[in-house]
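Add chain V to chain H, keeping to what the hints say.
For the protein sequence lines, the chains are H and V, in the order given.
For the first sequence, this note's numbering begins at 1 and goes up steadily by one.
For the second sequence, this note's numbering begins at 1 and goes up steadily by one.
It is worth saying that the hints were derived from the structure and are not from the lab.
Watch out, some of these pointers could steer you wrong.
[Stated by the list, open to error] Pairs of lysine-lysine residues, derived as DSSO-like cross-links and limited to a Cα-Cα distance of at most 30 Å, are as follows:
#1 H:Lys268 x V:Lys114
#2 V:Lys134 x H:Lys264
#3 V:Lys134 x V:Lys169
#4 H:Lys268 x V:Lys134
#5 H:Lys268 x V:Lys169
Read off the chains here:
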Amino acid sequence: MTAGNRTLWLLIPAVLLIGVCFLYPVSWLLQRSVSEPVWGLQNYITIFSKSIYLGVLWNTIAIAGATTILCALIGFPVAYSMVHARPWIRKLLIFVVLIPFWTSILVRSFAWLVILQRGGIINDILVGIGMIAEPLDIVYNRFGVLLGMVQVLLPFMVFPLYSVMARIDGSFFRAATNLGATPIRAFFRVYLPLCLPGLGTGAMLVFIIALGYFITPALLGGRGDTMIAQLIFERIDEFGDWPLASALAIVLLIGTGLLFAIIKGVSKLRRGRI
Amino acid sequence: MTEPLLKLAGLGKAYGQVDAAKDINLDVADGEFVTFLGPSGSGKTTTLMMVAGFTEPTAGGISLNGQPLDPIPVWKRDIGMVFQHYALFPHMTVAQNIAFPLEMRGVAKGDRRKRAEEAMEMVGLAGFGSRLPKELSGGQQQRVALARAMVFKPRLLLMDEPLGALDKKLREHMQLEIMHLHKNMGTTVLYVTHDQEEALVMSDRIAVFSNGRIEQVGSPRELYEAPQTKFVADFIGETNFIAGKAQGCNGAGASVRGLNGQLGAPLQEGADAVLAVRPERLKVMNGAGAAGGNTLTGTVKELIYLGQSRKAIIALEDGTEVAALEQAAQAEATALEMGSQATLSFRAEDARILADV
Numbered sequence: 001m002t003a004g005n006r007t008l009w010l011l012i013p014a015v016l017l018i019g020v021c022f023l024y025p026v027s028w029l030l031q032r033s034v035s036e037p038v039w040g041l042q043n044y045i046t047i048f049s050k051s052i053y054l055g056v057l058w059n060t061i062a063i064a065g066a067t068t069i070l071c072a073l074i075g076f077p078v079a080y081s082m083v084h085a086r087p088w089i090r091k092l093l094i095f096v097v098l099i100p101f102w103t104s105i106l107v108r109s110f111a112w113l114v115i116l117q118r119g120g121i122i123n124d125i126l127v128g129i130g131m132i133a134e135p136l137d138i139v140y141n142r143f144g145v146l147l148g149m150v151q152v153l154l155p156f157m158v159f160p161l162y163s164v165m166a167r168i169d170g171s172f173f174r175a176a177t178n179l180g181a182t183p184i185r186a187f188f189r190v191y192l193p194l195c196l197p198g199l200g201t202g203a204m205l206v207f208i209i210a211l212g213y214f215i216t217p218a219l220l221g222g223r224g225d226t227m228i229a230q231l232i233f234e235r236i237d238e239f240g241d242w243p244l245a246s247a248l249a250i251v252l253l254i255g256t257g258l259l260f261a262i263i264k265g266v267s268k269l270r271r272g273r274i
Numbered sequence: 001m002t003e004p005l006l007k008l009a010g011l012g013k014a015y016g017q018v019d020a021a022k023d024i025n026l027d028v029a030d031g032e033f034v035t036f037l038g039p040s041g042s043g044k045t046t047t048l049m050m051v052a053g054f055t056e057p058t059a060g061g062i063s064l065n066g067q068p069l070d071p072i073p074v075w076k077r078d079i080g081m082v083f084q085h086y087a088l089f090p091h092m093t094v095a096q097n098i099a100f101p102l103e104m105r106g107v108a109k110g111d112r113r114k115r116a117e118e119a120m121e122m123v124g125l126a127g128f129g130s131r132l133p134k135e136l137s138g139g140q141q142q143r144v145a146l147a148r149a150m151v152f153k154p155r156l157l158l159m160d161e162p163l164g165a166l167d168k169k170l171r172e173h174m175q176l177e178i179m180h181l182h183k184n185m186g187t188t189v190l191y192v193t194h195d196q197e198e199a200l201v202m203s204d205r206i207a208v209f210s211n212g213r214i215e216q217v218g219s220p221r222e223l224y225e226a227p228q229t230k231f232v233a234d235f236i237g238e239t240n241f242i243a244g245k246a247q248g249c250n251g252a253g254a255s256v257r258g259l260n261g262q263l264g265a266p267l268q269e270g271a272d273a274v275l276a277v278r279p280e281r282l283k284v285m286n287g288a289g290a291a292g293g294n295t296l297t298g299t300v301k302e303l304i305y306l307g308q309s310r311k312a313i314i315a316l317e318d319g320t321e322v323a324a325l326e327q328a329a330q331a332e333a334t335a336l337e338m339g340s341q342a343t344l345s346f347r348a349e350d351a352r353i354l355a356d357v
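Excised from the complex, chain V in its bound form:
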């Protein structure tokens, strides 16, 4: 493997006794789109701020292109950043805003204007140069912020919840635009969000943060299909958890309450564990079917119509509620009814057995 562009090694930030971020280890390859995903207060923004240079680490180090970043002040790091509320300078026009990083780098005036115009064209804002930021819509301001952060061709682009202030439709549109920009420019991106859907759509890899630590790093598919911790399984997408004791741990598989699944991470025999299985991986049958391997029986408690699919909430005997998702055609064939019995089955390779913490 080639040398990573960005390397976070044992990075940490403590405020007194509280660790805002702890033991963060991550390698980011050149051209990669990596997302920091986690709830608020999980350390993802703190980590981003340490890379930008606004927050000083109390442990570990950061290196870019093999050079340690720590002694380099913010203004010499050459790292672009899109702020949560854009932070466009309100007293400067769009063109002045975008040309600002070039001005600070001593680029000659004519060249500056030309490059700012190219950047505006790149984000679809040609002709908006003489407007003030407050005269633009939220989506347009977002594009100006992007153009400003990319116009000086930074080695790394940081984005701190850049789409948080936009409505759903515009957000989805901007997600695609940012992905296209990333592809075309080949810029390496570190992206912070608490929106797991956004992370799944946009990222090459996702680092899931919880309580100041990285829980798991992987491609969207790996995180969704093969979570290593209960937190990751719970935070990304919807999951059913069936709690019990881990039994028959054999390195790759184990069982909980007689249900077989794959191990997400090594687990001690008899430890508290959950079996996690996604709603769309459950096969639904009407009535109490034969009790075979990996089946669950319960009462239909709720049927939720979702248009292209239908969700059934089934209460097991011990009260655990399990959600099963069926495509519309399949749901019609199954024809569940409220209050009737239903049987759920799944394959062992679709279930994960994780430590219950």
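Okay, chain H solo, but in the shape it has when bound:
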């Protein structure tokens, strides 16, 4: 018997937890989604045929995608500065990036409301100094949702990137320039590809977490920014429509799983490429 086999029993608590708290409820949802009101795929057909549901699915993907791209664009320079800053600045940056984790998401979303609404701080200041005549609509729309979500999810992008960047030896960049690459080409041809594992991990974390976001779009979004989690909540809370809500939840789960598999497959292909 190998050491690996002998220590397998250490996994029992984790297996129990996943079994009871994840597999069981998911199979229960799956069963309800295909058995009510009668056995069949009617709930799924509804989801993929009615424009309201398709619209929400599209919203979910669009918002999660935009959040991921914004997190990458903002997170990359932050992670880079963290790696190359002096130690005390690095500590400060890590602290600043982590702050969102320490406050409740509800409190944070309400705080954004206070700042962004028509009578909020930003509009007051802009109107006060005469830059604009009318208050801007910067909340209860896509902009507000993205602002709130990017703020919350940024650490999930920054830390994987940081850990990868910190291990990239400076000599790679120096070697590239020595061999004739301008700094810009050295960045795109050498530095960025070496960051890809971190960027990929960060993007996957942000995108997948964003797919199931609920409170932020509910508080900061408008009518057109409904995401799938809100829809599930609404179907159950207002209509008691468990079968359709279950089907939506299963669609979300399978979609996430598919995406995960595709990203894995793509990164494998990349590795095998000559």
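Just chain V now, kept in the frame of chain H:
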């Protein structure tokens, strides 16, 4: 003499109050293999980095082919470099790595592949093109780094302790390979190492660095046989030092404690000095022989068997320990014994009298 390919003139790099390199003057001829030798922190790598363009000099200048290098950015210098840990791009195959400098120079794809293949053949790695660097051994990675640094036919090749990560056997093998490549390609090489044996084996000329300055520049033979400073005598090979005052300085020779030697550099009469003599230049006799010119008498303290030779450590009366090296056959004839008396003699032309600093 023809115009040097590379000229370092009064080159210096100061970090605040600290001089990492100071007043570096050196001319390197086309096709020459010059080694920067010195302990860590002696300024040899700093100087190399200034030539590569990664470090900006705070004094003096560098010129290549008579043109000042200082205003030219790293990527336009056309100087190849082999990094200490190779710095092969881990996400590119061996062929892509080697073709990288050609790609950056806009060489067409087909031509690029052909030249990369030639370079791989040159370093004995034909057929390894589609491997990733991490799939190669240390020695193979070293060859890829060499091929990549030479494939674009740079005017100058810099090597920063390129063999430091390899084990002894492989290192010696790679030393020879690099020398052959240098001979065949005719590339001018600046090579940095802290390994004096490596420097002696490989170089046309060696510049010995200490405390940010060049102590002495010369052929391996000159540095070994005619060191100008105590540091050089000590750093290259093994040397015995006998300390005293310089006496009878006459331009070419002098004496220390009645022992005659040649002057390494001009010395003031009565200054603190050492007489330096190599262990293999000492003639060993059993017993306390006649006290003639240039002889030392002492007690045998240690006998070290080295296979082809034997080293005897002999303690003089004042406690100074002197090492003498004899070939195996000679050592058997001398037949020293532990604790017995021994007499050492040497010729004045084999000893150097150097300032004791």
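Each hint, compared with the structure:
no.: 1; hint: H:Lys268 x V:Lys114; result: 29 Å, holds
no.: 2; hint: V:Lys134 x H:Lys264; result: 21 Å, holds
no.: 3; hint: V:Lys134 x V:Lys169; result: 21 Å, holds
no.: 4; hint: H:Lys268 x V:Lys134; result: 17 Å, holds
no.: 5; hint: H:Lys268 x V:Lys169; result: 38 Å, violated
Checked against the numbered hints given earlier, this structure breaks only hint 5.
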